[in-house]
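Chemist: Please put together the full structure from these sequences, using the hints given.
Chains as they are written, first to last, in this note's numbering: chain G, 1 to 246; chain L, 1001 to 1246; chain U, 2001 to 2246; chain W, 3001 to 3246; chain V, 4001 to 4246; chain Y, 5001 to 5246.
Hints listed in this document are in silico derivations from the structure and should not be mistaken for laboratory results. Nothing here was measured: the structure is a model prediction, and the numbers come from that model. C-beta: ideal position from N, C-alpha, C; glycine also. Hints should not be assumed to be uniformly reliable.
[To be verified] Here's a subset of chain Y near chain V, in silico, CB distances under 8 Å, partners left out:
1. A5007
2. G5034
3. V5090
There are 6 protein chains.
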Amino acid sequence: MLELAHAAWPDVAAHLRERPGVAILPFGALEQHGPHLPLSTDTLQADAVARRLAERLDAVLLPAVAFGNTWSNEALPGTVSLGADTVAAVCGDLAASLERGGFAALVVVNGDFGNRLPLQTAAEASAVRGGIPVLVLDYPGLTEIGDRVKETPWAAPGLCHADEIETSMVLAIAPALVHRDRMVADYPELPADFGLRQMALAPLSATGVFGDPRPATPEKGERIIAHVVDESERIVRRVLSALGLS
Amino acid sequence: MLELAHAAWPDVAAHLRERPGVAILPFGALEQHGPHLPLSTDTLQADAVARRLAERLDAVLLPAVAFGNTWSNEALPGTVSLGADTVAAVCGDLAASLERGGFAALVVVNGDFGNRLPLQTAAEASAVRGGIPVLVLDYPGLTEIGDRVKETPWAAPGLCHADEIETSMVLAIAPALVHRDRMVADYPELPADFGLRQMALAPLSATGVFGDPRPATPEKGERIIAHVVDESERIVRRVLSALGLS
Amino acid sequence: MLELAHAAWPDVAAHLRERPGVAILPFGALEQHGPHLPLSTDTLQADAVARRLAERLDAVLLPAVAFGNTWSNEALPGTVSLGADTVAAVCGDLAASLERGGFAALVVVNGDFGNRLPLQTAAEASAVRGGIPVLVLDYPGLTEIGDRVKETPWAAPGLCHADEIETSMVLAIAPALVHRDRMVADYPELPADFGLRQMALAPLSATGVFGDPRPATPEKGERIIAHVVDESERIVRRVLSALGLS
Amino acid sequence: MLELAHAAWPDVAAHLRERPGVAILPFGALEQHGPHLPLSTDTLQADAVARRLAERLDAVLLPAVAFGNTWSNEALPGTVSLGADTVAAVCGDLAASLERGGFAALVVVNGDFGNRLPLQTAAEASAVRGGIPVLVLDYPGLTEIGDRVKETPWAAPGLCHADEIETSMVLAIAPALVHRDRMVADYPELPADFGLRQMALAPLSATGVFGDPRPATPEKGERIIAHVVDESERIVRRVLSALGLS
Amino acid sequence: MLELAHAAWPDVAAHLRERPGVAILPFGALEQHGPHLPLSTDTLQADAVARRLAERLDAVLLPAVAFGNTWSNEALPGTVSLGADTVAAVCGDLAASLERGGFAALVVVNGDFGNRLPLQTAAEASAVRGGIPVLVLDYPGLTEIGDRVKETPWAAPGLCHADEIETSMVLAIAPALVHRDRMVADYPELPADFGLRQMALAPLSATGVFGDPRPATPEKGERIIAHVVDESERIVRRVLSALGLS
Amino acid sequence: MLELAHAAWPDVAAHLRERPGVAILPFGALEQHGPHLPLSTDTLQADAVARRLAERLDAVLLPAVAFGNTWSNEALPGTVSLGADTVAAVCGDLAASLERGGFAALVVVNGDFGNRLPLQTAAEASAVRGGIPVLVLDYPGLTEIGDRVKETPWAAPGLCHADEIETSMVLAIAPALVHRDRMVADYPELPADFGLRQMALAPLSATGVFGDPRPATPEKGERIIAHVVDESERIVRRVLSALGLS
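Modeler: What follows is the structure in structure tokens.
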């Protein structure tokens, strides 16, 4: 694995001489995650998954993008958002630059719900113009492993925000950033059309929590991350194999 | 100082209740810096300066943007660039989001030459639309302290790339990332119109070095950073005072 | 139900005086659907679903958009595509115009896979700017009813193109446009990374068929459409109720 | 003639093997046309003209675009408008896609005044980039035949909206959509600068009518359409001949 | 009349205190006009007309825009063109700035065929957003007076390029810039579809002339200009009166 | 020197046959310059410098762009501004058109502070896409010669607006446009952060003057212009030589 932020250019040249040139980009966000989790939660998680994935694949790890499309959480302080167009532009520019630099594929490990549309839009645009393949991963297997690991109910199907899952993951990655004393359970009454249309998230919960973070443990977090990395690896290997890059 | 990446939303709320809301954004790049310095050199430096500045001002530190407008160094591997428009969009979006979130000013600590135009463009656009003031700092005082600290000549007036200055700064910030054994001096013959028009940088130097990094020391780096932080603080305080924010 | 294409302006005025103003837009495509189905297959289907939905809800039916984002099928003749940005612009413009015209919500019945990203992008943009809610439906319940109705296997999970399902639907809507004599089964060997990343569809199948259309019947088509309309109605009613529009 | 909406891809392949590939696109609008005419009046008319033209030329008929740039009629309910930029994008995208698909020319039969500028803009853009020729027709000969057929005066020179001409045309195309009992004459007093600068139309007439639709007959409509088709055919043949496409 | 280029700001303030604030903008081009006329022909003509118009109306004359959308003449040297989008942006920006500065209307005297679409597009955009009225004049009455004054035939109906008309106009405005010794007649055989679709002009004529400039005289030019100014004045007065600005 | 506005196309062809094709573009503005100087001050100055430069280099002089990015002076009447994006588009379009027309380089003589960012942005964009070199000159040597010539103090370091320098320059170029009787000295108290961030200029001075224009003379103006032209020539020759164009 080559961590690009720490490498010098001859290291990259050497890596690319012997490997197909697969870059892995953690795309995070700066977004409220309740009173107990850091605003960088999405970035920490995406970076952790991307880092392990890069190790497994002996790929190139890009530094994380620390901001995402988080308009839906702007109602709570500290959320600082890019527009969806800008997220797509960042991803598209990096893919094109990597391509010019001799890379063969870009894998994006996305850590934020709001980035899904713009990242897929950038991936499609690269495909349309015949650019390098851009593969966007949204924590494959998360719901599955969440169902196995969680002791508390989901606030809504597929909704995972500042809850037992996310808290466990941050406890596994950066425990010093978790305020255990501030953990509260919050199961806000969601509008009947939640999940059916685009709506802001933060106004729905006074705490910014959607679930019960209290039973979170680093062990659970480790299990979750390991499973997501396993699933991510499986998918990326399948894609790279199909592309003749492995 | 509040490090936003590590804070939770109630910390931000508390900070903003008692302070004017000054956000500091390190804007870096992923760019070749010779065989001995990491590709994240600009990000490391901008982050270090921004962090100290935030401490001095008891301001809010944003996570660094790790990519910049580095087309001029794409000729050497590992340089991964955003377009100039995208750099402007990132800065403009963050300024607007901070404004919606109750912040009163954004200070950008820019670590990359190619970001200057787009960051100033974003700052002007914020001024034109009556948004919060965006102040872009390009290492004020760097040439001055460089002249005092350097033992080796500049490759060109104002040109500071993988040389004694930058190497000293990284030695002070992240010494483990510096390959001392790879240091070479390179004073490429520059075209007669160097600095007079926009041109790519990397093709001019086979090593990516512009100067002599060998006499670099962490002590020199510390002196340089300290001076840049002093000058930055002086400028920001003057601006905040004029804006009634201090 | 008010079919806008056939109505005159006083009819609309009367409708809006007594109802909340819900507009339903079928968004189709002009895209190859094998040798036996018309290029307007997606538009016919979206229009049929939208029409019944409008009847159930006593809502306003917009005329169908007959083109979509179908770059992935351009390899076969007759596919005529809009760019993704243009699809988003069409949807966004119509939502904004409907809003200025006194409508309270826009429901998009999407008939083409390639429209999903840009339509959701437009829906999000409307939410971000505080515009009327835009609800994008992608044939809810289709896989479920497909599993119940189909006698032939899927070419791939979730892949529904010129197969038994789509052929049945067109047989139910516009049987005269189906070339029964041209029906062929085609289960192309899909690349191992099919469905994992953005890729063109048409190059994968020489016929443009993905499955076996031969056992298709209008009765199956009717069952499929009815189920999708039921599910669509259920979802829209839930949203309208949550919005206080029913 | 090949109606693309009804054709399957092998039909298009066969057509293009033996003919030069001329596509005809009716570009309509959803726009108020008085109390007696349907909102789709412009689309119906453009489609009728385009269809006959395609028959005469044995060309390919595209499905109609049912929305146009109708901001100037938004004051009356049911008018749903695209922006001018979006109209240009739709036309430009279709031209480029047709070009990639092997077509040699695009003829646009425009049914709405507001589409003129953006369609011509798209046509010019195609010419500038060396794309296929895009020929925009705005009902050639309409004023001429109107002068011959009309029994009632024009509301203003060149102004043809929900009057005897348009009503006759819809009576010839889709008589069931005309509310004969709602026909009223309306000769609003137009501002002195009418026709001299861009201005909204709908606010000038309480009924949305500009003229007297009452003497309209399907026979008149047929004569009008026939003449416009004749003139259109003459022009297109001249262009195709000059392009070596006939 | 106030010539803005020569005025100082208090002169403008005084003018606006007592008059409605009508600005007149000559929009020209830098475009080949045969071997005998200067590349600035369109700008000279637009400026001459705009200047007299401003005098008649006691309005404010803006400095001329000396470049236009002249892609169709790029085949001959010295033609330097803006894109159509840029022409629209220039006009739109000036209208918006004039509006912020207290002006009530903008009259554009357009001197170049290629500017028509983008200027009208900008005028419409101003109308759509409720901005100040933008009136675009394309030499009203030119064909009429041309028919009366010309001794030589038109190269094509409505085609007026480096011919007797344009040469007469420049002889009246800036005789020193006309090369009498280089005048040649050129009636190129035009393609059968000339004027029916967007096409480049310059490739059609080896000389860049379309007609016979030889009988041109300054007296004819004066008559032409005077008539165009008369017609322009009549139109503008009608518009200003309708707007309540006179 | 070839003045493009006055040349006909064969003159350009002849010029380009024997010379490398260097175009010089004066980029001005329409901006308040105190009660005594014309709004076209920046354009007059840029044109004068560009003209002499073109003579020295036997280059091609383009007509001046008479509008610039002057939002910062909109508070005083008569300032009419383009947006920064539009200034960049004008410059970028002209560079690309010149390139298509066989020119080898574009030199922009910029007369307005607000144009700096967008012109450099356009120059960089041309470099990134591999277009012809675009060299932007901002009156090189102005401060130097100002220090030598001025008898009155600067209103702020580097601030030169309607003061002794600018007034002297206009006295040398177009003395009839200077209102000697309106000259006033104005040394407004500038905010403490003046020059440190983007801010509007005009609101800072009631007169629009920043300095003391009264000791201005045409002789001083001539010295200033001559020095700026000398410095400009020196720089352009260096660039052209490096590019192999001299």
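Chemist: Give a verdict on every hint.
Modeler: Each hint, compared with the structure:
Against a cut-off of 8 Å between C-beta atoms, the interface hint on A5007 of chain Y holds, since the closest Cβ of chain V lies about 6 Å away. For G5034 of chain Y, the interface hint holds, since its Cβ comes within 8 Å of a Cβ in chain V; the closest pair sits about 7 Å apart. Hint status for V5090 of chain Y relative to chain V: holds, with the closest Cβ pair at about 6 Å, below 8 Å.
Violated hints are absent here; each numbered hint is respected by the structure.
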